[in-house]
Amino acid sequence: MLSPEDLEKLRKAGRVSAEARELGLSMCEPGVKLYDVAQEVEGYIRKHGCKLAFPCNISRNEIAAHYTPSCTDASVFEIGDIVKIDCGGILDGYIGDTAGTVEVGSRSHTDLVEISKTARNTVAEFIGEGVPLCEIGRAVEMTMHKAGFNPIVNLCGHQIAQNNLHAGFSVPNYDNGDDYKLESGTIVAIEPFATDGKGQIKNGKPGNIVRILRERPLADPKDQEFFEYVKEEFFQQPFCARSCDFPDAEKRVKSLIRHGILSSYAELVEVSGGLVSQHEYTFYIDGKRGEVTTLP
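The sequence shown runs 1 to 296 under this note's numbering.
Simulated from the structure, these hints should not be mistaken for laboratory data. Wrong hints could be hidden among the right ones.
[Stated by the list, open to error] Only pairs whose alpha carbons sit at most 25 Å apart, straight line, appear in this in silico DSS-like list of lysine-lysine:
id, residue 1, residue 2
1, K51, K222
2, K51, K254
3, K205, K251
4, K33, K12
5, K47, K202
6, K146, K117
7, K117, K198
8, K222, K251
9, K33, K251
10, K231, K9
11, K33, K222
12, K12, K205
13, K251, K117
14, K47, K12
15, K231, K33
16, K231, K117
17, K9, K222
18, K288, K12
19, K231, K51
20, K51, K12
21, K254, K222
22, K51, K251
23, K33, K51
[As the list claims (entries may be wrong)] Using C-beta positions, here's what the derived DEER-type ranges look like:
id, residue 1, residue 2, range
24, R258, A147, 41 to 51 Å
25, H48, S106, 42 to 52 Å
26, S272, S106, 13 to 23 Å
Where is the CB? At the ideal position from N, CA and C, for every residue including glycine.
Construct the entire structure; sequences and hints are all you get.
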């Protein structure tokens, strides 16, 4: 169980992350740059006392996750885009991980946008100590199938630990038979992904997000200085060049990827090109009911 002090840190990280999520979603209008939204979301998290748990993901349409705009990205939102904003702040190792979806400038896919939220909220009604993971997956799956959509079966929620965004067990978005039961004191992210496609994702092109893979000395002093900076600023969390307050960050990231120091995340793309929506809350499991920590 978390101490009262640590629980307050978790709640603050969650609240700031949720407020940043809502800010980002409110900015998704036709003609607005993805870059500007990502900068505003991350700036809000930092301004309110947290570091970044990961870069602001802005994934559109068939891209389910793992895209963030680069420093030179000039792309803008277009009418009809299905936009997922996934963001998170971290405070003394305690993480708020949260996401929402909005349709830009139209209402052609309202049912798809809403069904991932409905699935998440359905889980929120019963999640708590002793609940089996397969029961969570079953609730997500049944909610989506009833509405005519599919859960993405190879994307899942996850346990969160201090300084570790993806720790321990995964939480399925379908009934996979996993009867592991949630325990009090656990932090867990529930994030249903819904699609009008087949319900699976594949790796696409690099999405501008990286993480530290290994550590070894670098011949270029500037590369070494950059590596020391990212270790201090992001610890072991994913990051991107755009989020770095360091000269030539894009160049340094590419250099460290070439040297095998950093590993790049690929975009996660629905296999049949189906549209994808996502809604996510972080929960703290304390007894029979789970507390949502990512409310504004």
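Enumerated hints in conflict with the structure, sorted upward: Of the numbered hints, 4, 5, 11, 12, 13, 15, 16, 17, 25 do not hold.
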